[in-house]
Amino acid sequence: MTTATAGDSKTEVSTTAGSTNGSIPDGSTTDGSIPDVATSDGKATLLSVENVTLSFGGVKAIEDISFDILEGEIRAIIGPNGAGKTSMLNVINGFYHPQQGTITFRGKPRRRMRPYEAAASGIARTFQNVALFKGMSTLDNVMSGRSLKMHRGLFWQMLHVGPARREEIEHRQRVEEIIDFLEIAHIRKQPVGKLPYGLQKRVELGRAMAMEPDLLLLDEPMAGMNLEEKEDMSRYIIGLNDEFRTTIALIEHDMGVVMDLADRVVVLDYGRKIGDGPPEEVQQSQQVIDAYLGVAR
Amino acid sequence: MIYREAGQYKTSYASDQALLPIRQDRIGLLLILVIAFVIVPIFGSSFFLGSIMIPFLVFALAAIGLNILTGYAGQLSLGTGAFMGVGAYACYKLTSYFPDVNIIVHVLVSGLFAALIGVIFGLPSLRIKGLYLAITTLAAQFFLEWCFIRIAWLYNNNDSGAIEVPRRYIGDLALTGPTATPVTRYLVILSLVAIMTLVAANVLRGRIGRSWMMIRDMDIAAELMGIRPLRAKLSAFAFSSYYCGVAGALMVFFWLGSAEVEAFDINHSFLILFMVIIGGMGSLAGCFMGAAFLWILPIVIRFVPSVLGIDMLAATTEHISNIIIGALIIFFLIVEPHGFARLWQIGKEKLRTWPFPYASS
Amino acid sequence: MLAIVIEWLNTLFVAPFVDMFSLPDFLLQVLWEGFVSGVLYALIALGFVLIFKASGVFNFAQGIMVVFAALVLVSLHAMGMPAWVALALTVGVMGIFALVVERVVLRKLVNQPDAILLMATIGLTLVVKGAGQLFFGGEPKSMITEELGLPTGSSDWEVFDGIVIFQHIDIAAAVIAILMVASLGVFFSKTRIGRALRAVADDHQAALSVGISLNQIWAIVWFAAGIVALVTGIMWGARSDVSFALEIIALKALAVLILGGFTSIPGAIVGGLLVGIGEKLFEVYWGPIFGGGVEAWFAYVLALVFLLFRPQGLFGERIIERV
Amino acid sequence: MIQALPSLPHYLLRNAEVHGSDIAMRHKDLGIWREWSWREMLGEIETFSLGLSELGLAAGDRVAIVGANRPRLYWAFAAIQSAGGIPVPVYADSVAEEMVYVLEHAGVRMALCQDQEQVDKIESVRGDLPTLETLIYDEPRGLGPHAPANTHHFAHVQKLGRQATERDPTRGAAWREGIDRLTADALCVMLYTSGTTGRPKGVMLSHRNLIATCLNANAFDKLTRAELTIAYLPLAWVGDHVFSYGQSLTAGYCVCCPESLDTITSDRREIAPTYFFAPPRVFETLLTTINVTMEDASRPKRAMFDHFIEVAKRHGEGLLNGESRALGARLHYRLGEWLVYGPLKNRLGLSRVRVAYTAGEAIGPDIFRFYRSLGINLKQLYGQTEASVYITAQPDGEIDADTVGTPSPDVELQIADNGEVLYRSPGVFIGYYRNDEATAATKTSEGWVHTGDAGFIDDRGHLRIIDRAKDVGKLSDGSLFPPKYIENKLKFFSSIKEVVAFGDGRDYAAAFINIDLVAVSNWAERNNIVYGSYQELAAHPDVYAMIAAHVEQVNRDLALEPRVAGARIRRFLILHKELDADDGELTRTQKVRRAFIRERYEELIEALYSDKEEQFVSTEVTFEDGRKGRIEATVSLRTVEFEPLDTSAADAPEALEIAS
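Protein chains in written order, with the numbering used here: chain A, 1 to 297; chain B, 1 to 361; chain C, 1 to 323; chain D, 1 to 660.
Careful, some of the hints might be misleading.
[Said to hold, decoys possible] Straight line, CA to CA, 25 Å or less: simulated BS3-like cross-link-like pairs of lysine-lysine:
id, chain 1, residue 1, chain 2, residue 2
1, B, K10, A, K189
2, D, K301, B, K350
3, B, K129, B, K348
4, A, K108, A, K149
5, A, K194, B, K350
[Stated by the list, open to error] Covered stretches of chain B (chain D as the covering partner; in silico rule of three or more C-beta atoms under 8 Å from a C-beta of chain D):
id, stretch
6, 4-11
7, 70-77
Derived by calculation from the structure, the hints in this document are not laboratory data.
We treat Cβ as the ideally placed atom computed from N, Cα and C, and that holds for glycine.
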């Protein structure tokens, strides 16, 4: 049960940080006094980010940020452009390697991790500007999400009989369920390149779902969508969260959406954390408001 | 129009994922196979078999090899010729050491050596992308060419510096060497190519093939989906080089009969590349179309003058065909950058939706 | 066992250097030879860079353009024209060539992926090659060096109680190359068009704002590249002769570009020299160990090794991947 | 007539026994067509049926079935009937209020819903449904963690059934005995007619009703178990109930359920049904899409297409009716078959159709002929829920655009003095559920049923329907005014989607016109007419001009028919909004709710009978998401000129007299 204890300790550390940041808009001090919503219900910490700093050639993209994500919650990361939100995701799934700080996922701390290792450990992700495999059909794109779950070797693949075939079909079944869930059956066999933006976003979500991740990172899942599409997307995200019990961390600009979806919100500004807590609480924070209105720079 | 898909429904994923889900396609392929395996050997003149069909098949196979790497895995390669060479020399050494083992086995094994070399020169692909990668493959090309010349052991130290294909039999049927008939050689190659094409198709539609295309389309996303770039790329290099290697071995043993380093020079690398481009990146059918086009067109051009009764130096026609092919490549890139395969695809789509101009629903 | 290892280490890493310094004059000679061929590589690479900078096209045809230009010059002269007229005409031909390429190929392929454009230039290579062979025949020709008033003969330089031979044409080549690079530098920084070209390299809109259409710019750079090719052809021809074999050698420019980076003129020069000198040294001092002929691949392997450590080239800037 | 079994479940048992391994049902689910043989299907139905009993379903209990065409919903019919219950299919797209009326009126104890949407809908009105105890759903999505109280998944109910049999193995046998106890006259199903006026009525049909008509229909069109149909029409509609359930059971053929409504076309193509039913509307829209798509075809192809369609017009129907044609013509048509008709039918998924029916509305002669000329055996029938569909149908070879055929087997016809059509047949319903006076009003003591349609039998013995009997009115000058007749003539123009004609007791006939957005917007595109919204398009002068031309055309036709010549249209207007079921302007089966519209648009009607050039109107509308809002518009009106009739024509309508 080392992981569990580890997890707990992490919870404590990060949430105290969270709480203080939530209430006192300073962000650096750490007095573990006021326990906040995060710990009050007994959810275990899935991932915790501690004092992470990331910089490109001297330019600090992220500066000493700590927060945590609890199992089964929807965690929003918000902040004005250039706040370092996407960089944060890139750090979490190992695309960037922070100069300082540690990331603890499922109780296992790690420093440097290749993206595919992150994927293998159960972190999936969608992208701000859709990153689908343009040359493939919707079906194949979602199928590609199963890559980690398929193991048949070259030999069987070459013959495409027996195990390989069976495996392919098993996974097709699962993928079809996702396609059904996202209501993209009618574009199943179409190459994704030609699809309208909204649908592409949906396919990308499907691809991430296919990985059956423990933690799903969504980078502006609703960017550039019209109201109706946003509502659909929210529906899927919620469904995903409470039917598949998937933990979700999402970056979103539309405050309305965040309020509806998120259990807790982290606010970044210029690479620093300026708020952390339940949406309504965060909304009150003066510093957050300033950041959004571009005051106090 | 010829496509009548009404009433063709799939009741299992197996049938839905079949290589040719549409009945008419299956029939078409069957026809082609019958023609290739029965009609051609019976009616084909030895010139037609030996100088058109056999080379065509060899190049088609090599093109498949290159297409797997470039068209499916997105790794540009200018070293195809050299990898073919590896296969050829490997096969030559194998059959000199183990003359009693069936030559076809040797051909298939020699591919493995090509694969190995391919992997070695594929290693840099982890860090190097796109045009830059071309240089590594060029390095392979020239380095290997150099080896083929300098390492006399490869051609059993004979003075000609060429590899002479020995006589090899199955039972008392001559497979290789001067006594082997075009028909036999054609049928051997055809069978191998047919099987290997099927294998390639299978791999490409499975997990591994998908991982290649993922790397090709968006390597970053692929990595975040859990694909190990190195493994994916190297497997592509290995697989591709294997095909090139086998093609090379077939080229020497079942077509040329003897070969020197020139048979594997950079120009051949380019020829195969053109075949892939004109045929269509990322399409197996395209490999055959490209190979047919680029191999048969020059022959046709060579014949045109004599048909028109103009006497013209072989060299001249050579040059003219160069110009024409070059022009055609440009033309194709302008009208349809994705080659014959795409043209065929478009045509097929038209036929499927006929009389409608597109699928209205 | 150990003895053998030491033996090998010796032959690979000690003996060659011993040889070098045992015959310093010979070393100088080798270096000079390398330098000169390096200059020529640099010139070819220069052609690549010009076009790549301005149009993002990787012009595979640069090598064949060199051959073509030289052939045109030689053949025109062979028709009995005075050298200078022939030269002028050749320049004209290269101009027309540039226009045709722009009209017939580039304009049709605007905003296609780079790979496609590369393929197109490969196709172009075939056409030019075929045409060249058709009109001028495949066999090698000798360059009209004297007629062009280029120096011939050689002068010796006595040093380290030996002599180093300098072919005058080589010196001329070096000088002209330097002049050309200089003038290009001026052209790029001082003239309006030059600045426009630089702008295009950054983004196409900028160029339009300067008031020159992309098409014009392409035509211009291709013309410029044509001139460079002509000069290269003359120099190369003067040293050896004018033949299509050059086309393959021109591929080495690829290696040069890898070293120097695709967009940097100084890079092209340095890269060219590195390759030229490097391969001469390697051929002379290490070649024998491998049985000679290593020039054929040294450049590429060098580039390859280099790439592994610095994928963006000597002067290219670091690429930070974003998601 | 073949010896009939007493009940539909009996046929299920028979099929499972006689050809148990044949495919009974297909459903495109998760990308492929799942199949159930009759034997498997019987198994599914049995376990579900037993499960229902476990949940306390008793004989005579009503069970609502709400949702799209899904195998499980069809199985539910048999399962409920076998358990002695009465299935009550309900239109899935009806809004909560409509649904609550039906469920309440039928007093259902259980409801089977397709998915969360339906469950939620019913939950929202559960307060008004005291009798409703249990909900069952087919698709668990969105219901998993938080399904409301005593709501079960279909599979769970089946599990209950299986457990029951495990506990007590005799249950299976008992279940079959239960089926054997079903009698022919037992109530089989209750179908609520979406009455064009007033509340829906629950039509009670016995097993005998359905079996008799189904067997007759099968015999009439020689339907065997080799047929293949695709089920896509509302479950609650008698047509679907008969085609996809009754006839499938009795003839033993396979029914295929599409993946969803937006994939219907491709699904139809994949299945290529041999027996196909569609209301005229479907054939219309299909033809419109064909024409619209062909607009974009290359010139030569288009020319070729038009040419062969012409050829088909000339010879197609003749050949289909088995008339002889010159060899040249036959070859020409063959070529067309190869180049155009075949591929076209292939795209439409109609290549294997043996019998296709259309009914419910009059179909445009051109549309009707178009499909027949392609070699599709499209026929018309005339039917009613009260008759378990078949009243008349067109026998092969006697097909004609403007009749509805001869009386179906065992059906007697009679034309009342007022021109109303009456019939008597084994299919005649038991009565309306809990609505005796309505029953009495419709069904005479001798078992004759009032269709409410006016019509007459032509010299070839074919029935012609001109209009709803009660709607046939008179203009103030006494000349006959059959609105539907006029409306249909107008609706045959592809650019006109819906028409409401007025004139009873007025000085002249006038009409509301609804343009067909697809067709007109396309037309607008070609004539580069710019418009921002449906409203703008509808109000556009050019559109008015086009419609006016159509109206004049219709007037010319009417002028040729003495009986109705008086009813030529003098004034019309184009409505600013589409008539919509959600606004109560249409019925769920897309029929016009005349009375409702009359009051809703009163000021417009008055304007039609004034000499106003335009009229302001403001109407409340319901959007897809159920929100309400108002749209306002100033609708302009047009007067159409036509020369007066020569007096001889304008006398009383004799046709109706002839008929009676």
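Hints and how they fare:
no. : hint            : verdict
1   : K10/B - K189/A  : holds, 14 Å
2   : K301/D - K350/B : holds, 12 Å
3   : K129/B - K348/B : violated, 34 Å
4   : K108/A - K149/A : holds, 22 Å
5   : K194/A - K350/B : holds, 18 Å
6   : 4-11            : holds (count 8)
7   : 70-77           : violated (count 0)
Checked against the numbered hints above, the structure violates hints 3 and 7; every other hint is satisfied.
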